Amino acid sequence: MLLSVENLEVKYGNIQALHGISFHVNEGEIVTLIGANGAGKTTSLYSICRLTPPEAPRVIAGDIKFRGESILKTRPSDVVKQLNMALVPEGRRIFGNLTVMENLELATYSRERHADLKDEYQRVFDLFPRLHERRKQRSESLSGGEQQMLAVGRALMTGCNFLLLDEPSMGLAPRLKYELFRTLKKLNESGMTILLVEQNASLALNLAHRGYVLDTGELAAQGTSAELLGNPDVKKAYLGG
Amino acid sequence: MLATIIQNLINALQWGSFYALIALGYTLVYGVLTLINFAHGDIFMVGAYIAFFVATFMLSAAGLPGWAALALTIPLTMILTSMVGVTLERVAYRPLRRKGAHRLYVVITALMCGLILEHANLALLGASRKAFPPMITEHVYNIGGVSFTNLKVAVIVSAILVFILLQWIVTKTKVGMAMRAISYDKFAVPLMGIPMDNIIVATFVLGSGMAGLAGILFAMSYPILEPYMGALIGWKAFIAAVVGGIGDIRGAFLGGFLLGAVEILVVAFFPSTFRDLIAFTVLLVILAFRPTGLFGVAKTTKI
Chain A
1 MLLSVENLEV
11 KYGNIQALHG
21 ISFHVNEGEI
31 VTLIGANGAG
41 KTTSLYSICR
51 LTPPEAPRVI
61 AGDIKFRGES
71 ILKTRPSDVV
81 KQLNMALVPE
91 GRRIFGNLTV
101 MENLELATYS
111 RERHADLKDE
121 YQRVFDLFPR
131 LHERRKQRSE
141 SLSGGEQQML
151 AVGRALMTGC
161 NFLLLDEPSM
171 GLAPRLKYEL
181 FRTLKKLNES
191 GMTILLVEQN
201 ASLALNLAHR
211 GYVLDTGELA
221 AQGTSAELLG
231 NPDVKKAYLG
241 G
Chain B
242 MLATIIQNLI
252 NALQWGSFYA
262 LIALGYTLVY
272 GVLTLINFAH
282 GDIFMVGAYI
292 AFFVATFMLS
302 AAGLPGWAAL
312 ALTIPLTMIL
322 TSMVGVTLER
332 VAYRPLRRKG
342 AHRLYVVITA
352 LMCGLILEHA
362 NLALLGASRK
372 AFPPMITEHV
382 YNIGGVSFTN
392 LKVAVIVSAI
402 LVFILLQWIV
412 TKTKVGMAMR
422 AISYDKFAVP
432 LMGIPMDNII
442 VATFVLGSGM
452 AGLAGILFAM
462 SYPILEPYMG
472 ALIGWKAFIA
482 AVVGGIGDIR
492 GAFLGGFLLG
502 AVEILVVAFF
512 PSTFRDLIAF
522 TVLLVILAFR
532 PTGLFGVAKT
542 TKI
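Here the protein sequences line up with chains A and B, keeping their order.
Heads up: the first sequence at position 151 corresponds to 151 in this note's numbering, and the numbers run straight through without jumps.
For this note's numbering, count along the second sequence from 1 and bump the result up by 241.
Subject to a maximum C-alpha distance of 30 Å in a straight line, what follows is the list of computed BS3-like cross-link-like pairs (lysine-lysine): (1) A/Lys-81 with B/Lys-340; (2) A/Lys-185 with A/Lys-236; (3) B/Lys-413 with A/Lys-81; (4) A/Lys-235 with A/Lys-185; (5) A/Lys-11 with A/Lys-73; (6) A/Lys-81 with A/Lys-186; (7) A/Lys-136 with B/Lys-413; (8) A/Lys-236 with A/Lys-177; (9) B/Lys-340 with B/Lys-427; (10) A/Lys-185 with A/Lys-136; (11) A/Lys-81 with B/Lys-427; (12) B/Lys-415 with A/Lys-81; (13) A/Lys-65 with B/Lys-340; (14) A/Lys-65 with A/Lys-185; (15) B/Lys-427 with B/Lys-415; (16) A/Lys-185 with A/Lys-81; (17) A/Lys-118 with B/Lys-427; (18) A/Lys-136 with A/Lys-177; (19) B/Lys-427 with A/Lys-177; (20) A/Lys-65 with A/Lys-186; (21) A/Lys-186 with A/Lys-235; (22) A/Lys-81 with A/Lys-118; (23) A/Lys-73 with B/Lys-427; (24) A/Lys-118 with B/Lys-415; (25) B/Lys-393 with B/Lys-371; (26) B/Lys-427 with A/Lys-136; (27) B/Lys-427 with A/Lys-65; (28) A/Lys-177 with A/Lys-118; (29) B/Lys-415 with A/Lys-73; (30) B/Lys-340 with A/Lys-11; (31) A/Lys-81 with A/Lys-65; (32) B/Lys-427 with B/Lys-413; (33) B/Lys-413 with A/Lys-118; (34) A/Lys-118 with A/Lys-186; (35) A/Lys-73 with B/Lys-340; (36) A/Lys-136 with A/Lys-186; (37) A/Lys-11 with A/Lys-65; (38) A/Lys-177 with A/Lys-235; (39) A/Lys-136 with B/Lys-415; (40) B/Lys-427 with A/Lys-11.
No lab work stands behind these hints, which were simulated from the structure alone.
Everything numeric in this text was worked out from a predicted model, so none of it was measured.
Pulled out of the complex, with its shape left as it was, chain B reads as follows:
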C-alpha cells in the first residue's frame, strides 16, 4: 500500500515537473506584461523539436557519446528556445505594445502565434512523428517495491532547481526587482533609468528557456514528437498557473505539482480516460472557491 502511494507520488512529481516548468513561463510573462502568452505551450513543442535536432546532430554528425551530447543539448536547446520566445516578443507583441493596443488583441495575437508555430512545424517537417534519440541509458531502480528511473529523478530535481534559481533571480537580482516593479507600476520603471524592453526580453528569455528545458526532458521521457504535442500540455500548464495564482512564481510551481498529483490520483482509481475530465473538474472547483488561485492576491501584486 505504502509502496503504491510512493510510486504514484513519484509519477505525480514527474508530471508535475513538466507542468510546473511550463507554468512558470506563463506566470512570469503574465506577471510582467499582464499578457497571457498562449503561444507558450507551442514554445515548449518547439523546444522539444530543437532538442531533437540538436541531439541528433550531436549523436550522429558529431558522433559524441550520449552524456556529452546531453550536456551540450540542454544548454543549446534552452538558448535556442529562448531566442524563439524573444523573436515572438519582438515580432508580434512589441509592435502592439508600442501602439498601446488593448490586451485582447495581444492575447489573440499570442493564440495565433501558437497556431503559426504548430502549423509551420507541420508544413516544414510533415505530419510524421519524430522519434527522439536516446542519449542516456535509462536505469530502473527498485527500492521496496517502488520503481523509478534515473530520468524521472532527473526531471523532478531539474524542476526544483530551476524553481529555486528563478525565485532567487526574481527576489535578489536587480533584473528580478525590475520585473516585480513592472508588474506593480509600469509607468515608473523608465524613471529609474531602467530600459523596459530589456527587462521584457529577459522575461521571455527565462520563460522560454524553461519551456525549452521542459521540452528536452519531456522528449527524453516520452520520445515521440508531433506538432500538436504542446497544445494540451500547454493548456494544462496554463490552468496550473491560474490555479496557483497567475503572476506568482510559487503558485505556478505548486499549481503544476497539484495538477500532476490530481491526474495521477484520478488514474489510480478510475479508468485513464477519466483523467482529464476529473482533473479539470477538480481545478474548476478550486477556482470557484478561490478565483484568484492559491497564491493569487487580487490584482496588485504579481510575480
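For reference, chain A alone in the conformation it holds in the complex:
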C-alpha cells in the first residue's frame, strides 16, 4: 500500500469537514474520489499534502500513512521532496507572473542541483507540445486548457511518481477533457500512481481502477470502477440516472 488514510477527521476552525474517512492507494493504481461539492474531496487532498491552515484543515483524529509510516508531521515541501507526491490543485494555481518555462523550472526547486533534467522537460513537452510553443510567454496569457497542461507539467517536473489531481477537467472543453484524461492514462501506464478527485464521476470512473464516493465528509461507497458504475445508488446520485 503506497498511501493509506485511516479514520481521518479534520476541522477548518470549528467546522468538521471529514468525519473519519478511510481509503488507500496502491502503487501503480488510478484511484478516484468522487462526490458532490463539499463532500470533502479537496479537503482530503490538502490533508494528504500536509498543507497548513488557514487554507488547509487541521487533523484532529486518524492518520495518513505513506508506505506504512505516518506523515502527519511531514512538511508540505517534504511531501514533494521526500515522498515524491505532487498535487495539481483545483483552479490550476499556476504562477501567472512567471513564464511557462519559469513555472516548470521552479518545480525542480527541491531536486538535486546538477541533475540532468533535459529528458524530463522533453517528456513534458512531448505530452503537451503547446507548452513548448509558449514556453517564453507569461503563463497568465495561456488559455484555460494550456494552463491546465502547465499545472500538470509543473507537477511532473517535481519528479513525482504519485500524482494527485483536483478537478482537472473543470472548465475544459470536452475535447480537451478527453485529451487530458488520455494523457493521465498514458502517465499511469508508464508507472505513475494517480489519485484523482473529480466531480465528473463517469469520466473519472472510466479512467480509474477503483473509486471512493464521499458524501458530506463520510465514505458513502467504494469499490472497483466497474462495481461503482453498476451500483444503482451511485448511478442515481452521481451518474445522472
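Since chain A is already given, all that's left is putting chain B on it; use the hints.
Showing chain B alone in chain A's frame:
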C-alpha cells in the same frame, strides 16, 4: 550653470542611493509577504551602529589599516544586520503568520519592533551621539567647477551594483523565482517542494543586508549616529518605495532616486527648511495621479 546642475545631480544621486538601498528592502519584503516592514528604517539604524562597533574594533583593537578595516566592516555589517532582520522575522512575524493573523496586526507588530530597536539602543547605549571613525581619507575632486568626493562616488556606485545584483537574483535564480511565485500565489509554493520559510528568510537576509550596507555608507558620509536616525530616513525610503510602486524592485530604486532629486531640487531654490515639506507634497501629487506608484500594477504582480 551646467556645473551647478551637475553638482546638484551628484548630490541627488548620493541621497537617492541611501533611499534606494533602504526602499529595496521595503519593497522586497512587501512583494513576498505583503507586509510593510515598518521596522526596516530602524534596521538601517542598527546597521549603522553595527558598522560603528565593527569599524571601531577593526581600527583600534585589531589595529588594521583603514582600507582593510573597511573591507572587513562591509561584509561583516551586512551579515550581522541580516541576522537582526531574520531574528525579527523569526521572533515577531513568523508566529503571527503561523496563526494566520490579519495583516493589520503584523504591521502594528512591525511598528513596535522598530520602536523597540530604537529604545533598546537608547537604553543600552545612552542618548549621546556616536562619532563614526573615519576609515578612508576623503578626497575631494574638482572637475570643471563640480566637486565630488570618492565617498560620494562609492555610495552611488554601490547602490547601482546592488540594484543590478538584486535584479539578477530575482529574475534569474530559483530563489528569486520562488520569491516572485510567493508574491503571486502563496498557496501553490509548497506544492512545488519549496519550503516557504526558507524563501522568506532569504528575503529578509537580502532586505536587511542592503539596509546594513546603507547604514555603513551613511555613517561614513555623515559620521554622527543617534538612535532615531533611522526613523525619518526610513519613512522617506518607504514613501520612495510606494511612489515607485511598492513590490516592484525597479520602482523602489527609481523612487529612491526620484525622492533624492526632488529634495535637492527644492533646496536649490528654497530655504532648506522647506525641503521635506515640498518633497512630500510633490510625492503626494504623484500618488494622486498614480495611486499604484510609477511601476505599480494594481494588485496581481509584485516584485
